[in-house]
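A.B. asks: Read off the chains here:
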Amino acid sequence: MTEQPLLSIRDLKTHFHTDDGVVKAVDGVSFDVHRGETVCIVGESGSGKSVTSESITQLIPMPPGEIVEGSVYYDGNDITTMTEDGVRSLRGSQIGHVFQNPQGALNPVYTVGYQIREAILSHRDVSKAEARELAVELLEEVGIPEAPTRVDDYPHEFSGGMKQRVVIAIALACDPEMLIADEPTTALDVTIEAQILDLFRHLQQELDMSIIFITHDLGVVAEIADRVVVMYAGKVMETGSVEKIFENPAHPYTKALLECLPGQAGLEPIPGALPSVTDPPNGCRFHDRCPYAIDMCRTGEQPPLHDLPGDHAVSCIHYEDGDGDLPELEDVDRMDAAIGGAR
Amino acid sequence: MSTGRPLLEVENLKKHFPMTRGMMKEEIGRVRAVDGIDFTVHQGETFGLVGESGCGKSTAARTILRLEDPTAGSVYFDGDDITEYDKAALKRYRRNAQMIFQDPDSSFDPRMSVGESLEEPLIVHGMGDRSLRRHLVKDLLERVGLQAEDINRYPHEFSGGQKQRIGLARALILNPSMLVADEPVSALDVSVQAEILNLLDEFQDAFGLSIILISHNLGVVRHICDRVGVMYMGELVEVGRTEELFTDPKHPYTRSLISAIPSTDLDDRSQRVRLSGSVPDPADPPRGCRFHTRCPEVIPPDHYDLEQETWRSLMDFKQRVEERHLTIEQLYVMLYPDEDEEEMDVPESLPQEEVTSVLSGEYGLESGIGDRKAAEVFEATSGHLAAGDLETAIELLESEYRTVCQQETPPVTDEGPDHRSACHLRSEGAAPLSGESESVATD
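Those protein sequences? They're chains F and P, same order as listed. Just so it is clear: in the first sequence, position 212 is 212 by my numbering, and no numbers are missing. Just so it is clear: in the second sequence, position 243 is 243 by my numbering, and no numbers are missing.
Some hints here could point you the wrong way.
Capping the alpha-carbon separation at 16 Å, the derived lysine to aspartate or glutamate pairs in EDC-like fashion look like this [as the list claims (entries may be wrong)]:
| id | chain 1 | residue 1 | chain 2 | residue 2 |
| --- | --- | --- | --- | --- |
| 1 | F | K128 | P | D265 |
| 2 | F | K24 | F | D279 |
| 3 | F | K255 | P | D265 |
| 4 | P | K373 | P | D265 |
| 5 | P | K373 | P | E307 |
| 6 | F | K128 | P | E307 |
| 7 | F | K255 | F | E328 |
| 8 | F | K128 | P | E339 |
To be clear, the hints were calculated from the coordinates, so they are not data collected in a lab.
Full structure from sequences and hints, please.
C.D. replies: Written as structure tokens, this is what we have:
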């Protein structure tokens, strides 16, 4: 982990200017993605996970969106200061995107071969015949049977899972070093989802790619992540290796998320709702839904990410001294009294 | 619970949708969305229907509520056959059987206040005066965890989870005895899913509700259902008590589905059964067991000594040939993928060895088939295909690569109290087909 990360996001803030005020969709997010590693961004809807990923290659509509602050270093260069042309050449050729709904990502009036060739020809200097050959190879790579004959079929002739494979083939068209996949299996059945997750794993081993995988499903995270970034209301709550997050979750929000998965023994919903995006609460964004919240959680800024042993960091004041642990629930009120008294 | 007569009995229920062509609506085929299912739901019980998209679970639910008229079969509710209900009886039935839907956004009229939406069922059924109705609505809103003052607010003022609570309130306002919940939580975040599921549980206890829960999320089903039916292509392949079905699934499809759930246990990574392919066309379901085209445990003939995986690959090959996909033109493209399509000049026949090797590669058989006889058949078939003789190839495969799974519909097997499955592997006497078909053998 001493080598320089391929992608390094530092204090990224993406805001949207709307009639109701400024929506702080991403509000100071930092994390790294190393070469050949899969990083999962996980969170509920509205947590800012998609906007984070779209800010990397500036896919967000600007205006109303705006990257207000922060930097995105890709291979050492800051993407946020690049020209539009610079970003465009990065998009597609070095960073590929896969979206949630394969139906919407393919054009129904062109053959899938044409759409893959288009991606190849716009970034590489090859002849049409070579592009066709590459398209067949790509379809084979993503596991489409009888690729040479399927290349001339139209999107409607493919099932949902197969369409997602085609979309992945397009994203791979220019040998990207990084793939950003935004909920790529959410629209698919579990049996097909398992196939697509296998494909991602296989591709990563084969091509040594970095993958940013966005999902709300912790089961999927456990299946493919090397490292995890847990987001809530535009902030990073906790980040760490997948083992740390699942076996030793530190942040109360991460714990709560793991406890509300159906199929587990107890089914504990998280009380309350996401805070307002235009007027977020002071202190920790999670404080009004957090059973461990003390008065200090309700004032000031979101606590910084405190480093914990191993590859693990958490944004929670209970871990301020670097190790620490959550207090017992019955102690929470007493802590307030003690701190109040000291003051 | 299981002593008295069940509240709902579904017998051999079928719902086919005709596909028509032209002005005369000539029927050219039928989509067999639901094709003969049987199950019962007792009072106070939650029955789960699971399966992949397109397996007919939603159609089954809609037919049970008579939102669709069944093609065949009966549905007994409290002893009466609802398929024979007239209009008045149907209206009475619908008071007792209610539904909540997947998408809480589109199930409310955005221009009606919550109070108006919730009052409507009461008005339709001619119940109470306005003040009584308002009282009932307020009371129910509080019971689903909202506030009485919310009665005058509009749907857009609520979050998705809150809207689903209102949906539940609307379904319960007539005090029904049965509730059909079609993917009630799949549009919601996990943190909110738990709330709605707990609420369903609570109401079930309070009102003795019977619930039919439709979901593709097996975690959800396992959590709240008492019994579960697994559907595949319009048929129930396994029905049983939830814990039994999840811990000891009998049907290979159930096993595959359970194994496909992404688990949060890190030790489980990629320790899963993988289903190849996707669901076949319901207008033209496979012969025999409908799952045989994807089944990882499809039964090989007695006289072949093969790895299970190899037999699966050979069955995939057979299926592809049967669908008339491996024509000589297609084989030519597979052999010479770089050639420009317009300038292609396909010869009468292709070199047999190359065809065999390209097909072995396509079906993952490079490391050999294992059984000498089976390998000979594979080579002979490739030879017919290379010569462009698709028909002979189909005949050869049909007579040589036989499996009981394709020949016969699996019988329903009792797996113990309240547990049944439909799989040849489970039924006694349906031993693998032996080489009885000498008449068509090649040697």
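A.B. asks: Look at each hint and say if it fits the structure.
C.D. replies: Outcome of the hint check:
no.: 1; hint: F:K128 to P:D265; result: violated, 47 Å
no.: 2; hint: F:K24 to F:D279; result: holds, 9 Å
no.: 3; hint: F:K255 to P:D265; result: holds, 15 Å
no.: 4; hint: P:K373 to P:D265; result: violated, 43 Å
no.: 5; hint: P:K373 to P:E307; result: holds, 14 Å
no.: 6; hint: F:K128 to P:E307; result: violated, 43 Å
no.: 7; hint: F:K255 to F:E328; result: holds, 14 Å
no.: 8; hint: F:K128 to P:E339; result: holds, 12 Å
Hint compliance for this structure: hints 1, 4, 6 are broken, all remaining hints hold.
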